[in-house]
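**Q** Here the protein sequences come in this chain order: A and B. Under this note's numbering, the first residue of the first sequence is numbered 121, with each subsequent residue one higher. Under this note's numbering, the first residue of the second sequence is numbered 49, with each subsequent residue one higher.
Honestly, the hints are just simulated from the structure, not real lab data. Possibly wrong hints are sitting among the right ones.
Covered by chain A, per the in silico footprint, the following chain B stretches (three or more residues, Cβ under 8 Å) [claimed, not checked]:
(1) 53 to 63
(2) 67 to 80
(3) 97 to 104
(4) 199 to 206
Far from chain A, some chain B residues (derived; all Cβ distances over 10 Å) [stated by the list, open to error]:
(5) Asp115
(6) Asp228
(7) Ala297
Quick caveat, the model's predicted, so the values are computed rather than measured. Backbone N, C-alpha and C define an ideal beta-carbon position, used for all residues, glycine too.
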Amino acid sequence: MAVKIITPGLSTTVQDLGRPGYYHLGIPISGGMDRFALRAANMLVGNDEGAAVLEAVFLGPEIEFTAAATVAVTGGDLPPRLNGEERAGWEAFPVKAGDRLSFGFLKAGARAYIAVSGGIDVPVKLGSRSTYTLGALGGHEGRALKAGDELPVGQGAGGKGSVPANLRRMPGSPAELRMLPGLYWHRITAEAGKQFFADTWKVAPEADRIGYRFRGGKALDFVPREPPFGAGSNPSNIVDACYPYGSIQVPGGTEPIVLHRDAVSGGGYMMLGCVISADMDLIGQLQPHSPARFVEVSMDQALQARHDRQAALARVRAHLGR
Amino acid sequence: MTIRFSFGGDEHIFGEVSEEMSLEAFFTSLSMTNAVRQAGIKGVTEICPANASFQVKFDPDAIKPADLLKELQSMESAASKSDASLQTRIMEIPVFYQDPWTHETLMRFRERHQDPSKTDLEYAADVNGLGTVENFVQAHSSQPWFVSMVGFVAGLPFLYQMVERKRQLQVPKYLRPRTDTPKLTIGHGGCFSCIYSVRGAGGYQMFGITPMPIYDPNQQVSYLHDEMCLFRPGDIVKWKPISRDEYDADLQAVEANRYEPVIRPATFSLSEFNRDMAGTNARLMEALHGR
Chain A
121 MAVKIITPGL STTVQDLGRP GYYHLGIPIS GGMDRFALRA ANMLVGNDEG
171 AAVLEAVFLG PEIEFTAAAT VAVTGGDLPP RLNGEERAGW EAFPVKAGDR
221 LSFGFLKAGA RAYIAVSGGI DVPVKLGSRS TYTLGALGGH EGRALKAGDE
271 LPVGQGAGGK GSVPANLRRM PGSPAELRML PGLYWHRITA EAGKQFFADT
321 WKVAPEADRI GYRFRGGKAL DFVPREPPFG AGSNPSNIVD ACYPYGSIQV
371 PGGTEPIVLH RDAVSGGGYM MLGCVISADM DLIGQLQPHS PARFVEVSMD
421 QALQARHDRQ AALARVRAHL GR
Chain B
49 MTIRFSFGGD EHIFGEVSEE MSLEAFFTSL SMTNAVRQAG IKGVTEICPA
99 NASFQVKFDP DAIKPADLLK ELQSMESAAS KSDASLQTRI MEIPVFYQDP
149 WTHETLMRFR ERHQDPSKTD LEYAADVNGL GTVENFVQAH SSQPWFVSMV
199 GFVAGLPFLY QMVERKRQLQ VPKYLRPRTD TPKLTIGHGG CFSCIYSVRG
249 AGGYQMFGIT PMPIYDPNQQ VSYLHDEMCL FRPGDIVKWK PISRDEYDAD
299 LQAVEANRYE PVIRPATFSL SEFNRDMAGT NARLMEALHG R
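For reference, chain A alone in the conformation it holds in the complex:
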C-alpha cells in the first residue's frame, strides 16, 4: 500500500508527534503543529495517535491510493474531495485502489491533517518520521512532498466515526494566545508590558513551522542598560541563549515571533515569555493577517489549561469508543 502525490499543495510534509531529545544539538522536536487535530485524525482511522500523517498548509495536495484504506482529514476547514465528490472533515471514510483525494479552498484555519489507516511508513530518523526541512531530516527525503513522490503506508485495521464540531478545538477571532511572562520580561518597561497585552496583533506573512511573526502592535520600550559583554548593542540583544518552544522573541522590540515545532534552538534576542503548551495547537491554525491577542496567565492557570486540553482529547477518545 502506498499513497502517490499527484500535486503537492503549497507545502505538505510527513509529521508525527515529533523527535524529542536532540534540541541541545539544534535539532528541534518538529511534528504536527496542531497535535490535537493530528491525534484526532489518527483516532478516526484506527491508528496509534502518534502515527505519521500528512500535514498540508493553506492549499491541499492531490493524492492517489494504491490500495483500499480508511482516511480522515482533520484540522482547519480544507474540504476533502474523493474522486471530486465532497466529503466531511473530521470523519473517517473508506477509499479503494485508484481513488483520488483532493481538496477545495481553505475556509477556516490553516493546516489539515490527512491520516491513512496504517500510518505513513517513511523511515524513522532519530526516533521520529517527522520532517525537519531546514535540516533535511526525516519525512520523505527530508523535504516537503513533490509531484511523483510515492509514500509507503503501513498495515492498519481501519476505524470509523466522526468528531462533532463541539469536540474540536480551533482558535477564535481574535485568537487568544495565553502566555506566561518570564525569561527577559524585566527588560521592558511596565508600560510596554501593559501595552503588549492590550494590543491586537496580526499574523504576518512570515509564518511557518519555525515560527509565527506578529505585527501591528506598539513597539516595546526597553529598560535602559549597559550592553553586557558579548550580547550586542541593540537593547533587544542578549548573549545567545536557548529558545524554548512557544517563546516570544522581539528583535529590535518591534515584531514578536513565537517559535513553533521547527524552532531555531537558540539565538541572541530577548524573549518576553512563552505561549503555554495548551495553546501551541491554536497557532498552527492561524492564517496570515488573522488577529490575535496575548493573554497573561499564571503557572497554575497554564497547568489548568494543559489539563483542560487533555480532557478535551479524552472526550474525543470516549466519543470514538477508544
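Fit chain B to the known structure of chain A by using the hints.
**A** Chain B in isolation, oriented as in the chain A frame:
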C-alpha cells in the same frame, strides 16, 4: 555567580548564569546541565547548555514545575564550585576567507548592513581598528576558539575566542537578518563566530567558507557516521586559512568521501588558561599538530 531561574511557559526552566559572556559562566552552565543529566530526574526531556545559560525541558504531568525548580536550585552551589576542566578535542577547520559565494550573498543584502560601501570583512577590520582585511584574518585565525554552544540550527557551533577580553573581536550583527546564507559560511556576531551548518537565514557577518561538512542528516560522511553533528560544547577549534586551490582540493576529497579532518584529543583547564593564555594555546597547538 547566582543563577537567575525563570519558567519558559509550563514546559521549560531557563537558567541564566550571567548576563555577560565568559568562560566561567559557560563552565557553570555546563556543570549544571551535566548534574541534571546525571541526576536522571523523572519528567526531564531535554537538557540544553548554552553560552552563559541553560535550559531544561520537562513534562509537567510527570514533575511539578516548582519541584523541578527546587531540584535545580539544590544543584547550584556544587555546580559553581566544580572543577572547570575538560577532556576534549581540538580540531582544525580550513577556511577560505573572502570566497566568491559569501561575497555574492553579502552583495545581495547590502541594504541590511551597517556600512553598504564595505564588505563584511572590511567592516569587521574597521570596527576592530585593525586597518586591513589581512590583519583581521590574522587576528581571527591565529588563536583557538572554544565551542560554547551548539544550536540555532542543527549542529551549528557558537565559538568564543580564547584571548584576553580586550583582544576579542566584536562585530555587530546585520541591522536586519538576511534571508540567505551559504551552507558552511564562517559567520561572526557580537563576540561569537559560528559555522552555518545548513543554508538559510542569518544575521552574522560573513567572513569565508569551509569545505568541511559539519552536519550530515544522511550520515554518509565518513566522520559523521555515528553522530549527525560534529560539534559538542567544549570542543576547541583552530581556523586554518586556505587558498582557492586548497579549497577546491579539499572539496574534491569531501565529495569522494575521503576527506579526513584533523581532530586530536586535548585537555583544557580554565584556571590554567586564565593563568597563562599564551602557554595554554601553545600547548593546544602542539596537541593539534602532534609535536
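**Q** Now look at each hint and say whether the structure bears it out.
**A** A quick look at each hint next to the structure:
1. 53 to 63: It holds: at least three residues are needed, and the stretch 53 to 63 of chain B offers 8 whose Cβ sits within less than 8 Å of chain A.
2. 67 to 80: With 4 residues close enough to chain A, the hint holds.
3. 97 to 104: Contact hint for the stretch 97 to 104 of chain B vs chain A: holds, 7 residues under 8 Å.
4. 199 to 206: holds (count 7)
5. Asp115: Consistent with the label, Asp115/B stays out of reach of chain A, its closest Cβ about 12 Å off (over 10 Å).
6. Asp228: Answer for Asp228/B: holds, closest chain A Cβ roughly 13 Å.
7. Ala297: 26 Å, holds
Hint compliance for this structure: every hint is met.
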